[in-house]
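Count along the sequence shown from 1, then add 209; that gives the number in the working numbering.
Mixed in with the good hints there might be a few duds.
No farther apart than 16 Å at their CA atoms in a straight line, the calculated lysine to aspartate or glutamate pairs in the EDC-like style are these [as the list claims (entries may be wrong)]:
1) Lys559 - Asp521
2) Lys457 - Asp571
3) Lys303 - Glu700
4) Lys689 - Asp612
5) Lys757 - Asp805
6) Lys309 - Asp382
7) Lys750 - Asp571
Hints were generated in silico from the structure; no laboratory data involved.
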Amino acid sequence: MSSSKVENTLSSIEPNSNPKPLSHISLAAFSQKTISGKVFNFFAPILDRLLGIKKLNNLYIEQQFSGLDKQDFSEKLLDALGVSILSVDKVLNKIPKTGKCIVVCNHPYGMVEGVIIAHLLTNYRKDTKVMANIGLKVFKEINDYFIFANPLKPKAVINSTAIKQCYRHVENDGLLVIFPAGRVSFYQSEQKVITDGHWNRLAVNIADKTQSPILPIFISGTNSALFHRLGRVYYRFRLLMLAREMFKLQNHQITLSANNLITPKQLAPFSNSEMKNNLLRLQCYLNDQQYFQPWLQDEAKTLISPVAEKTDSALIKSELEKLPAKQHLLAFKHYAVYYGYQTQIPNCVKEIARLRELTFRDLDEGSGEPYDTDKFDATYMHLFIYDHNNNQITGAYRIGQTDRLQKQGGLAQLYLSQMFNFNDDFINQQQPCLEMGRSFIIASEQKSYHSLLLLWKGIGAYVSQNPRYRTFYGTVSLSKLYDPRSVAIMEKIMVNASAGVTAKTAFSGQLHPEVTQFMEQNTLGLEGLSTIISAIEEDGKDIPVLLKQYHKLGANFHCMAIDTNFNQTPGLLLSVHFPSAPKKLLKLYLGNNKADYLAYKE
């Protein structure tokens with residue numbers, strides 16, 4: 210037989226040798242065996258063309274998707290659509306490699322993100338299941354990824370079956386993915402932003418029942434402007450356009466991002482499932498890069514000098530021995546708490562300034578000079594702990610007596626007047642106050658509870674001697690080692706804008722409208738704030754210990770400002786009316802002097 214006859218014979222049998230496509234990608238695949246179903250089936254080819262489903266079917270045939278393994282199918286589909294996924298490893302590293310876990314995601318596109326998440330997470334863990342819209346059932350090759358539900362018919366039998374499957378899968382130590390919105394994101398007129406609709410509480414309920422951790426993942430991007438414009442005309446247009454939208458993803462990059470895995474223990478402080486659900490949504494949208502404002506990079510820094518050498522301990526001890534007895538405030542084991550002024554204890558103040566620089570550099574707050582010092586060291590009081598066994602200062606507060614200082618030159622004598630504009634009606638203008646600042650505890654003592662306690666017992670002893678001081682005020686420095694989002698959230702939750710004070714240089718943190726709405730609709734305690742911050746921070750760090758300390762004392766937080774003299778560090782201005790602090794703490798800090806202090810009248 211000639212070669213041309215062989216070619217002709219092969220070409221004549223080739224079409225019949227191809228297997229029938231496994232998936233029937235058409236609206237007809239969803240028609241019912243009813244009269245209306247037959248009518249729908251008749252018009253299905255026309256609708257397939259209009260809605261881009263025909264084009265999707267052609268892609269399926271041209272790329273030979275039929276019968277592929279689910280992982281090969283999804284990878285080939287994403288390549289054909291021209292989609293590339295960024296930052297995958299950063300997200301996967303936050304998911305445990307074994308054991309029960311739930312992932313929740315926003316739903317920006319409607320179809321493709323289900324395939325993306327299923328493919329990537331299955332590569333990482335073979336036991337991944339994704340709760341997905343029944344519409345994806347049309348791709349039979351990837352059906353094994355999914356537990357199907359019908360979000361358009363909440364009471365459908367398939368949904369109750371799906372919920373049971375989800376519970377079972379997690380109970381069996383599987384990884385479950387849920388898109389809590391159930392539907393594609395759309396324009397929210399109240400917030401003027403494109404986000405998900407209401408999130409179903411299924412993920413939270415499963416997590417509560419199975420005691421599983423949850424990871425919220427943010428998927429970047431959105432569908433086209435036309436999609437959202439038509440969706441505002443009639444919401445069902447969004448569903449009809451989903452297939453067509455997939456073909457607009459050519460050369461499109463989708464970034465996945467996530468904060469930390471949230472444990473059942475971290476969710477416990479939230480009183481109900483709705484609050485927990487809202488927290489997960491907040492953690493998801495916190496990763497929208499459109500609303501992420503990193504810390505400004507410092508301009509070229511001058512050469513950072515080495516921290517100064519330790520001050521001669523003999524000189525320090527000599528100064529301590531010469532202090533009047535009343536300035537030795539208390540003793541505990543080998544520790545003692547003193548206070549003094551630079552004129553009395555120049556070497557002590559020099560060592561305090563050295564240790565401040567050493568401690569603040571670890572928090573990215575150092576001055577870069579051998580000592581952290583300024584003109585206020587000469588006029589403020591220094592209250593500090595001395596370790597007599599190791600001959601070293603272990604912690605200190607710099608304290609300004611506002612009545613004494615302002616007699617020497619008005620507001621300019623107060624350090625915080627560099628950060629804030631104080632009006633005549635602010636507390637430091639109305640009564641004698643103690644301005645608390647520049648506090649530190651050396652690194653080796655920071656895990657010890659007694660260091661902070663000794664400082665506060667020292668403060669208690671000082672005000673017992675000077676009971677006219679009823680109010681303390683100062684700032685909690687929020688190190689730039691914190692994520693800017695954490696600082697913005699701390700400001701949003703903690704600050705009640707006060708009359709009488711404004712920031713000279715305001716902190717300009719930006720938050721997603723979703724986050725702002727959450728803050729406005731929910732009252733969070735310190736435990737709730739702690740959960741939010743530790744979930745954001747890469748190293749899982751909590752809110753500052755000093756912030757917790759002041760909160761326990763009943764502090765009012767007035768304002769946030771940038772300290773331009775302290776490495777551009779944000780500071781939360783607060784005040785504490787000490788006599789109104791909890792009785793238990795007053796007893797702890799004032800001891801036997803509590804009654805006399807509370808009874809004092811000017």
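Hint-by-hint comparison with the structure:
no. : hint            : verdict
1   : Lys559 - Asp521 : holds, 10 Å
2   : Lys457 - Asp571 : violated, 48 Å
3   : Lys303 - Glu700 : violated, 27 Å
4   : Lys689 - Asp612 : violated, 33 Å
5   : Lys757 - Asp805 : violated, 27 Å
6   : Lys309 - Asp382 : holds, 4 Å
7   : Lys750 - Asp571 : holds, 14 Å
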